[in-house]
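Trainee: As a plain string of letters, each chain reads:
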Amino acid sequence: MADTGLVETLLQRVEKVDGGLDSQDVATSLGVDHQAIVGAVKSLQALGDVISAEQRSSKHWELTGEGCEIAEQGSHEARVVSSIPKEGMPQSQLMKLAFGKVGFSKAMSNKWIRLDKGHEGGPRIFKTVERLEDLVRDKLLLVQKGQASQLEEKEKNELKKRKLLSEVTVKSYWITKGSCFSTTITKQETELTPEMIASGSWKEKKFKPYNFEAMGVAPDCGHLHPLMKVRTQFRQIFLEMGFTEMPTNNFIESSFWNFDSLFQPQQHPARDQHDTFFLSDPAQAHEFPQDYLERVRKVHSEGGFGSQGYKYDWKIEEAQKNILRTHTTAVSARMLYKLAQQEKFTPVKYFSIDRVFRNETLDATHLAEFHQIEGVVADYGLTLGDLMGILHQFFNKLGITKLRFKPAYNPYTEPSMEVFSYHEGLKKWVELGNSGVFRPEMLLPMGLPEGVTVIAWGLSLERPTMIKYGINNIRELVGHKVNLQMVYDSPVCRLDS
Amino acid sequence: MPTVSVKRDLLFHALGRTYTDEEFDELCFEFGLELDEITSEKDIISREQGNTKAEGASDVILYKIDVPANRYDLLCLEGLVRGLQVFKQKMEAPLYRRVSPASGEPQRLVITEETAAVRPHAVAAVLRNITFTLERYDSFIELQEKLHQNVCRKRTLIAIGTHDLDTISGPFTYTAKPPGDICFKPLNHAKEYTAQELMSLYKTDSHLRHYLHIIEDKPVYPVIYDSNGIVLSMPPIINGDHSKISLNTKNVFIECTGTDLTKAKIVLDMMVTMFCEYCEEPFTVEEAEVVYPDGRICQYPVLCPLTITLQSFLFESTEHIAQLLTKMCLRSEVTSDGEQIEVEIPPTRSDVIHACDIMEDAAMAYGFNNIPRTTPRTYTVANQLPLNKLSELLRQDLAAAGFTEALTFALCSQEDIADKLLKNISETRACHISNPKTAEFQVARTTLLSGLLKTVAANRKMPLPLRLFEISDVVLKDETKDVGASNNRRLCAVYYNKSPGFEVIHGLMDRVMQLLEVKPGQGNGYHIQAADDSTFFPGRCAEIFARGKSIGRLGVLHPDVINRFELTMPCSALDIDIEPFL
Chain A
1 MADTGLVETL LQRVEKVDGG LDSQDVATSL GVDHQAIVGA VKSLQALGDV
51 ISAEQRSSKH WELTGEGCEI AEQGSHEARV VSSIPKEGMP QSQLMKLAFG
101 KVGFSKAMSN KWIRLDKGHE GGPRIFKTVE RLEDLVRDKL LLVQKGQASQ
151 LEEKEKNELK KRKLLSEVTV KSYWITKGSC FSTTITKQET ELTPEMIASG
201 SWKEKKFKPY NFEAMGVAPD CGHLHPLMKV RTQFRQIFLE MGFTEMPTNN
251 FIESSFWNFD SLFQPQQHPA RDQHDTFFLS DPAQAHEFPQ DYLERVRKVH
301 SEGGFGSQGY KYDWKIEEAQ KNILRTHTTA VSARMLYKLA QQEKFTPVKY
351 FSIDRVFRNE TLDATHLAEF HQIEGVVADY GLTLGDLMGI LHQFFNKLGI
401 TKLRFKPAYN PYTEPSMEVF SYHEGLKKWV ELGNSGVFRP EMLLPMGLPE
451 GVTVIAWGLS LERPTMIKYG INNIRELVGH KVNLQMVYDS PVCRLDS
Chain B
1 MPTVSVKRDL LFHALGRTYT DEEFDELCFE FGLELDEITS EKDIISREQG
51 NTKAEGASDV ILYKIDVPAN RYDLLCLEGL VRGLQVFKQK MEAPLYRRVS
101 PASGEPQRLV ITEETAAVRP HAVAAVLRNI TFTLERYDSF IELQEKLHQN
151 VCRKRTLIAI GTHDLDTISG PFTYTAKPPG DICFKPLNHA KEYTAQELMS
201 LYKTDSHLRH YLHIIEDKPV YPVIYDSNGI VLSMPPIING DHSKISLNTK
251 NVFIECTGTD LTKAKIVLDM MVTMFCEYCE EPFTVEEAEV VYPDGRICQY
301 PVLCPLTITL QSFLFESTEH IAQLLTKMCL RSEVTSDGEQ IEVEIPPTRS
351 DVIHACDIME DAAMAYGFNN IPRTTPRTYT VANQLPLNKL SELLRQDLAA
401 AGFTEALTFA LCSQEDIADK LLKNISETRA CHISNPKTAE FQVARTTLLS
451 GLLKTVAANR KMPLPLRLFE ISDVVLKDET KDVGASNNRR LCAVYYNKSP
501 GFEVIHGLMD RVMQLLEVKP GQGNGYHIQA ADDSTFFPGR CAEIFARGKS
551 IGRLGVLHPD VINRFELTMP CSALDIDIEP FL
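Chains A and B, in that order, are what the protein sequence lines are.
All the letters of the first sequence, read from the start, carry residue numbers 1 to 497 under UniProt numbering.
All the letters of the second sequence, read from the start, carry residue numbers 1 to 582 under UniProt numbering.
If you are wondering where the hints come from, they were derived from the structure by calculation, not from laboratory data.
Any given hint could be a false lead.
Result set (SDA-like, lysine to any residue): computed pairs, CA atoms no more than 20 Å apart in a straight line [claimed, not checked]: (1) A:Lys481 - B:Asn459; (2) B:Lys250 - B:Gly170; (3) A:Lys338 - B:Ser486; (4) B:Lys64 - B:Gly104; (5) A:Lys311 - B:His354; (6) A:Lys402 - B:Glu26; (7) A:Lys298 - A:Glu287.
Assemble the whole structure, with the sequences as input and the hints as a guide.
Mentor: Printed below as a string of structure tokens:
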């Protein structure tokens, strides 16, 4: 808050004038620093419409340090002349004087002095004039008195070149009376207090206006991870559609449930060391449902259930190998097997969203682990049209309405379809996920009744999240290298908007 | 998914019309292919080796087409064109025929019993009076390579050898001999080598060195001789130079040897069906006889169409389905009662092993996107997994308590879960990965703490304090499970600041217990008691008991742990098992 005395003085001055005042003039006439007046103006502005102040800027000329010296003591050349006695002075002596060098050349060009180079005892300087008119000093004195306007532009620029004058911009306020003008000011309250509420004094008080331009104070809170927020939404969608969550809390799986039960042959490239993480400890799984295992062996090696089979030598040792599951479909297989063991088949809808692992080459969009979203429906007589219909409903809930399907290959589904959606931003069809109808060679050995069809689809959780939050490098989203500021700043997740 | 590279103009010429890139892309989509890239040899070289190397390279436009992994019949230009032409109803699916040679004496390949020790199976056939052009020849070689990489599983299952029949004379013998006893001039070499010498010669060959391991350790190597003792090939490594095929070759002897007879038959069928269209009598293949060690004689190629009867249809009339299937190279006829369809699966379609495979073709021919979308009437009630339901609820409340959720990897290094936490790996019950590409994937995590500390380390620039949590699974060895391991759902939190903040993490633990409706106290409540744990600062660690059971620990981390995670401030942590609260 500015000095109240100065504020009141300023108000009195404003009251007396008809039009308005310039803050610079007020400062000059009061003999105070201009910044003090600016402070007074600002504190009056904060009180509301007491005064109105319009910012102006004006340019004016000022003497530089050297200019002030000249105004006081005369120009360098004049001082050179006055310091030379009648009998002259050796040039070397003159050059030792502070104004010597500059003054000498200027005085020479003004022809106020002459140089006798051949003088015995070295070059010597003599005056050629007795009286002189020091125009430079006169001009500077004019500027000092505030009468710079009497000089021509050209003259001013010449002095500026000599670094004797400088042009400065002065910011000032043009102060006029405001709509609530008054010479007496009441102190404004900053905040409402419990005392004011108790006493009712708030009714008489004026409150300082808030600055609504400023940001508020950030709340001290925790934040949920954006990928997990998206997971929550997908979970919600499945629940809304009547799907039951599968127990996927088993990252380690046997090759049997991950591959063999899905009718994925043992020589399939996905079962290579290059694609799958195998375990050295615990290296093998034990305890398989023996009769089911035998039916799986048979359908692979000999066929059956209407199938030719793959006709190769199926080995239990391959099936026993423990791995980090490469897809949550391993859990779906366990669930469908369990369903088949029920006395009477009941239709089911299952879902899961959990981690899967691939021993792949890593890049900006691929990590060794990611989350797979999977949906499975088992019932009598489901059709390909049902699969496409349910995918439509599912993706509609994500706000994706334009879908199309491409035939694809997958060892455990037939038909298999890749799901594409039209991306308005990229102006092209992008792949969203995979879908298909589980093969009879997978379902019948489990003991599911003939006529039961199982349709399923899967997609990754990371991809839609990266698109949703505009993240290009997956490491910024998943893993310890995450940028916590991104986590703090991430908005709520509404997939359909 | 294998990618097949074909010259665009050659493809369009064979298809009898041109397409715009978009039109061709659309056709691929319908047919289950993907036009992956449009490029040229020049483009590829300049991208991989720089512009200077690319100078003078061909700028003929190439289409790179992704083919489904089970469609070996689409791995060459000939097969692609045939598939698309039949699909567009521009031609009828060819009928492949096995014929006897004019002489009446088929070529014969005799398998000796020595092969049983290394690669016991062999099949063979002859392409008679074939006409090669440069393009056909290149495609013929390329298809062998594609088959080797895919169905042959990098030659481990099957290796293909093709020979100019006019340079050799049958009967041929497929046998196996000690490497020192095999000696011949290998393909594109002027001098003879023993098999042993060849194996060391090819150690540095960028292409062949990948196949040496298949037979390297075997006492005997497989080899095929003609009746004059000329070596045709030493599968799966190299052919002999003597019988190599050229543009002028008229008669080709093809042999496939390996460890899987089913695949050998498929590969032979694929080679002959793709290229018999260039024989004098198109789509015929001359049979060859294979004599087994036990005296059995078989004729190859099999080329025998499989007949599958379709009984139920997802949509459309039987007549229409039969028409659709014919478009997919599957000749189909409605049975006399009009109820069923008999479908003849040609030898090119080894992927069809069940009626369901045929239905996919019918759907493709109909157009997946033309099938009406319906809603299943399946009525079910949704259930959440109780463990996930609890985790979801706790996550919300932990964030409300001022902690921020981290999401860390389930795989990590041994160091992360042992050395860095001042623990011995043997006491961790960790599950170990046998084939990690880097140390980051040595084990499945046994604790969430290291991931959280690594997250703090990566965010040291953020304003203090850092309050992080994660609720997720760790993996521990577990004898009671069929796979010998199980997940455990943990809640872990850290507080990182200029002062250790034990009271903060303690307060969080109290809050979690409150949320779980466990009251402070012994017996049925919860309490903590001093404990020793090498991860924590001595005297600053407590074990947490709830309802009489130990559920985890909390405390101030040991300064050495802080150092090892490249941190500089004190840190306190909470780690509990939430499964007892289900």
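Trainee: Quick check: which numbered hints come out false for this structure?
Mentor: 4
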